[in-house]
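Produce the complete structure using the sequences and hints provided.
There are 2 protein chains.
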Amino acid sequence: MTETAPRPTLEAVAARAGVSRATVSRVVNGGDGVREPLVERVRRAVEELGYVPNQAARSLVTRRHDAVAVVIAEPETRVFADPFFALQLRGISKELTAHDNQLVLLLTEGRDDHARVARYLAGGHVDGALVFSLHLDDPLPGLIRGAGIPTVFGGRPGWHDGDEGVVFVDSDNRGGAREAVRHLAGLGRTRIAHITGPLDQTSAADRLQGFRDVRGDADPRLVVESDFTPGGGERAMRELLARRPDVDAVFAANDLAASGALRVLREQGRRVPEDVAVVGFDDMLPVAEGTDPQLTTVRQDIEEMGRIMARLLLRRLDPSGTDDPPAGVVLPTTLVRRASA
Amino acid sequence: MTETAPRPTLEAVAARAGVSRATVSRVVNGGDGVREPLVERVRRAVEELGYVPNQAARSLVTRRHDAVAVVIAEPETRVFADPFFALQLRGISKELTAHDNQLVLLLTEGRDDHARVARYLAGGHVDGALVFSLHLDDPLPGLIRGAGIPTVFGGRPGWHDGDEGVVFVDSDNRGGAREAVRHLAGLGRTRIAHITGPLDQTSAADRLQGFRDVRGDADPRLVVESDFTPGGGERAMRELLARRPDVDAVFAANDLAASGALRVLREQGRRVPEDVAVVGFDDMLPVAEGTDPQLTTVRQDIEEMGRIMARLLLRRLDPSGTDDPPAGVVLPTTLVRRASA
Chain V
1 MTETAPRPTL
11 EAVAARAGVS
21 RATVSRVVNG
31 GDGVREPLVE
41 RVRRAVEELG
51 YVPNQAARSL
61 VTRRHDAVAV
71 VIAEPETRVF
81 ADPFFALQLR
91 GISKELTAHD
101 NQLVLLLTEG
111 RDDHARVARY
121 LAGGHVDGAL
131 VFSLHLDDPL
141 PGLIRGAGIP
151 TVFGGRPGWH
161 DGDEGVVFVD
171 SDNRGGAREA
181 VRHLAGLGRT
191 RIAHITGPLD
201 QTSAADRLQG
211 FRDVRGDADP
221 RLVVESDFTP
231 GGGERAMREL
241 LARRPDVDAV
251 FAANDLAASG
261 ALRVLREQGR
271 RVPEDVAVVG
281 FDDMLPVAEG
291 TDPQLTTVRQ
301 DIEEMGRIMA
311 RLLLRRLDPS
321 GTDDPPAGVV
331 LPTTLVRRAS
341 A
Chain A
1 MTETAPRPTL
11 EAVAARAGVS
21 RATVSRVVNG
31 GDGVREPLVE
41 RVRRAVEELG
51 YVPNQAARSL
61 VTRRHDAVAV
71 VIAEPETRVF
81 ADPFFALQLR
91 GISKELTAHD
101 NQLVLLLTEG
111 RDDHARVARY
121 LAGGHVDGAL
131 VFSLHLDDPL
141 PGLIRGAGIP
151 TVFGGRPGWH
161 DGDEGVVFVD
171 SDNRGGAREA
181 VRHLAGLGRT
191 RIAHITGPLD
201 QTSAADRLQG
211 FRDVRGDADP
221 RLVVESDFTP
231 GGGERAMREL
241 LARRPDVDAV
251 FAANDLAASG
261 ALRVLREQGR
271 RVPEDVAVVG
281 FDDMLPVAEG
291 TDPQLTTVRQ
301 DIEEMGRIMA
311 RLLLRRLDPS
321 GTDDPPAGVV
331 LPTTLVRRAS
341 A
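Those protein sequence lines, which keep their order, are chains V and A.
Sequential numbering from 1 applies to the first sequence in the UniProt record's numbering.
Sequential numbering from 1 applies to the second sequence in the UniProt record's numbering.
Derived from the structure by calculation, the hints contain no laboratory data.
Here the structure is a predicted model, which means the values were calculated and not measured.
Among these hints, one or two may not hold up.
As the list claims (entries may be wrong) - If you want the ones that stay clear, here's a sample from chain A, every Cβ over 12 Å from chain V, calculated:
| id | residue |
| --- | --- |
| 1 | R116 |
| 2 | R145 |
| 3 | G175 |
| 4 | T229 |
| 5 | R243 |
| 6 | V264 |
| 7 | P332 |
Said to hold, decoys possible - Examples of chain V residues lying across from chain A (beta carbon under 8 Å, computed):
| id | residue |
| --- | --- |
| 8 | S20 |
| 9 | A67 |
| 10 | F80 |
| 11 | R90 |
| 12 | K94 |
| 13 | L105 |
| 14 | E109 |
| 15 | Y120 |
| 16 | H135 |
| 17 | D138 |
| 18 | A242 |
| 19 | R244 |
Said to hold, decoys possible - Just the calculated beta-carbon pair ranges, DEER-fashion:
| id | chain 1 | residue 1 | chain 2 | residue 2 | range |
| --- | --- | --- | --- | --- | --- |
| 20 | A | E225 | V | E40 | 50 to 58 Å |
| 21 | V | H99 | A | H135 | 45 to 53 Å |
| 22 | V | D217 | A | V336 | 35 to 43 Å |
| 23 | A | D200 | V | G269 | 50 to 58 Å |
| 24 | A | V336 | V | R44 | 53 to 61 Å |
| 25 | A | D112 | V | L285 | 56 to 64 Å |
| 26 | V | E289 | A | H135 | 44 to 52 Å |
| 27 | A | Q209 | V | R35 | 51 to 59 Å |
| 28 | A | E109 | V | E289 | 24 to 32 Å |
| 29 | A | D100 | V | R78 | 45 to 53 Å |
| 30 | A | P293 | V | R78 | 24 to 32 Å |
| 31 | V | P326 | A | D100 | 35 to 43 Å |
| 32 | A | P220 | V | E36 | 37 to 45 Å |
| 33 | V | T77 | A | E109 | 21 to 29 Å |
Glycine included, every Cβ here is placed at the ideal spot set by N, Cα and C.
So, in structure tokens, the structure goes:
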């Protein structure tokens, strides 16, 4: 069969070029000490035969695979349904490609597959890993530690209890949430509710903390736990309207949940922002600009987060690097005002 | 740093369990000939130390990585923007997970990165590859052949000129297109246009061929080449209305292009289906059900295509397999009637 046609060997290249195996090997691995005319002959033979150097063998010398794994601790279906991941991957992909590193995305159906992912990480197939969307009780961080490869986390890890050397990139979730809630209060709203994300993720917990920083005295019924999805936002909004029909503002923990809340408000005849003002989090386009009315939201630069994660990891992998990368990078957020608040 | 904390070794497990290295190695690699109490002791030590067996070493014995690469010959941005790929990956992911194989998605920024992808494939990191969205002049198939690993292609490869052993999974693009055009003709439409996909992809070329099977005598101005995107469908529809203002039916090569065409028809005051009937291809939800009016389209089971691709590859990789898998599988399509035609 075509795909198993014998692969051209180093020997074949040597014979074609009329040089020794050692010479071919030196040229292919970028080593010095080969005269230019010979280099040229070897290159031509490599091209003519379609020779692909065995990277496993080369890795023994360089100890690099020039490949970085990305692990998203969510089932494959969510990875493709939530534009958050696409944006983060875009930043990662651009940065890795600029440094000729291969992005290796390890997809799973769910948590049961995380042990297999850890085996792959430990198997000598990648130089390091970028890991995100972790939940507090997730066994993945422990498994990855067992794999023993350099890792950068997306989002502040929740298990970070004095663990030195955990490297992460995050947005200022708490500060951004405070700004959102202060904005609503500044509009004169007094019954401000919060639709949270899944509280086993630090991003959601930190946004709730920011809400509490400003509204520590809020009626507990004004806080409804949800899950960062449009459907979850709908359910939470219905619950809120049942608990406190007089609610006059909602801070939703992300734009997708806010879009669900807006649908329920419209369906129940509440005008936005006149009756209920709504603020989201992320500024994910086209979500935030696709709602009716368009969404006031807290912008975080998701693509930039991905880019910085990749950059920190590449710095750690660079053997000539002299400086230690910082343990944590927290990016600022900005309030983007549109029609909903 | 935590992630580079020394990884527990085979020796450490042996010391903890009070057995020899060879015994640990046998237990870890699932070999026989170790007494049950010893197996138990080794397992406990493995667990206590968080030992992860070195898969590279194990692979030398089993010659399997239990990992399959997926390569999509499109830039990363398109992979996440077109739900076609998400559906195909869903089928692939389910099938690979059911057989405890890791899905390794290799993302790229574009064609310049294909040589790097080929190096990764050749590097001993995966057992085989699933490759799709190939364009005719793409160097990827040649590069993958050089990598020398079993491969299954999604879609009939265009370079297939007597090449034996190319394994692929495709839909009946030509038959499906014929059914779409016959349906429009059956509604009494006489000026049926076709918005094609990119004709350097066999799926688009085959759908055009199906259109020609039925309307071989059509005015050439009724065929406009496009690119499978909503924006491309809009531009093609404007071009069609300029060339033949009397057009009364459109067969678009996919649902995304059809959704663009519908927008332009509405904008120009043409009623669908009264003035212009529209048929798409894919039946990709929520695209086909999200248009106004909802789209009549040719359904192909995209997720099932992915599942069958994975299944064919796993059969080829199974050393105990006796039968040769088929070289090509072509799945049937069905016309799904909604309001647009």
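Results for each hint:
A beta-carbon of chain V is positioned within 12 Å of the beta-carbon of A/R116; the least distance is around 5 Å. Consistency note on A/R145: stated as away from chain V, yet its beta-carbon is not over 12 Å from all of that chain's, at 6 Å minimum. The Cβ of A/G175 sits about 26 Å from the closest Cβ of chain V, beyond the 12 Å cut-off, so the non-interface label holds. A cut-off of 12 Å between C-beta atoms confirms that A/T229 is not in contact with chain V; the least separation is 15 Å.
With 12 Å as the threshold on Cβ separation, the claim that A/R243 sits away from chain V holds: the shortest Cβ distance comes to roughly 32 Å. No Cβ of chain V approaches the Cβ of A/V264 within 12 Å, the least distance being about 20 Å, so the stated non-interface status holds. A cut-off of 12 Å between C-beta atoms confirms that A/P332 is not in contact with chain V; the least separation is 26 Å. With a least beta-carbon distance of about 22 Å to chain A, the hint placing V/S20 at the interface is violated under the 8 Å criterion.
Nearest Cβ of chain A to the Cβ of V/A67: about 6 Å, under the 8 Å cut. The hint holds. For V/F80, the suggested interface contact is upheld, since its CB lies about 4 Å from the closest CB of chain A, less than 8 Å. At its closest, the beta carbon of V/R90 sits 7 Å from a beta carbon of chain A; the interface hint therefore holds under the 8 Å criterion. Nearest Cβ of chain A to the Cβ of V/K94: about 7 Å, under the 8 Å cut. The hint holds.
At its closest, the beta carbon of V/L105 sits 4 Å from a beta carbon of chain A; the interface hint therefore holds under the 8 Å criterion. Taken as an interface hint, V/E109 checks out: its beta carbon lies about 4 Å from the nearest beta carbon of chain A, inside 8 Å. A least Cβ separation of about 5 Å between V/Y120 and chain A falls short of the 8 Å threshold, and the interface hint therefore holds. About 19 Å separates the beta-carbon of V/H135 from the nearest beta-carbon of chain A, more than 8 Å, and the hint is not met.
Below 8 Å, beta-carbon pairs count as interface contacts, and V/D138 has none with chain A, the closest being about 15 Å; its hint is therefore violated. The interface hint given for V/A242 is broken, as the beta carbon of that residue sits about 29 Å from the closest beta carbon of chain A, more than 8 Å. Taking 8 Å as the C-beta cut-off, the interface hint given for V/R244 is violated, the closest approach to chain A being about 33 Å. At about 42 Å, the CB distance of A/E225 to V/E40 disagrees with the hint of 50 to 58 Å.
Checked against the given bound of 45 to 53 Å, the beta carbons of V/H99 and A/H135, roughly 26 Å apart, lie outside it. About 56 Å separates the C-beta atoms of V/D217 and A/V336, a value inconsistent with the hinted range of 35 to 43 Å. Separation of A/D200 from V/G269 is about 52 Å and conforms to the stated range, judged on CB atoms against 50 to 58 Å. Separation of A/V336 from V/R44 is about 54 Å and conforms to the stated range, judged on CB atoms against 53 to 61 Å.
Between A/D112 and V/L285 the C-beta distance comes to about 27 Å, which lies outside the given range of 56 to 64 Å. About 32 Å separates the C-beta atoms of V/E289 and A/H135, a value inconsistent with the hinted range of 44 to 52 Å. At about 54 Å, the beta-carbon gap between A/Q209 and V/R35 stays in the expected band of 51 to 59 Å. Look at A/E109 against V/E289: about 26 Å separates their beta carbons, and that is inside 24 to 32 Å.
For the pair A/D100 and V/R78, the beta carbons lie near 21 Å from each other, so the given range of 45 to 53 Å is not met. Between A/P293 and V/R78 the beta carbons are some 31 Å apart, a value that agrees with the proposed interval 24 to 32 Å. In this structure the supplied range 35 to 43 Å holds for V/P326 paired with A/D100, their Cβ-Cβ distance being about 38 Å. Checked against the hint of 37 to 45 Å, the pair A/P220 and V/E36 fails, with Cβ atoms roughly 55 Å apart.
Taking the beta carbon of each, V/T77 and A/E109 are about 25 Å apart, inside 21 to 29 Å as hinted.
Going down the numbered hints, you'll see the structure goes against 1, 2, 8, 16, 17, 18, 19, 20, 21, 22, 25, 26, 29 and 32, while the others check out.
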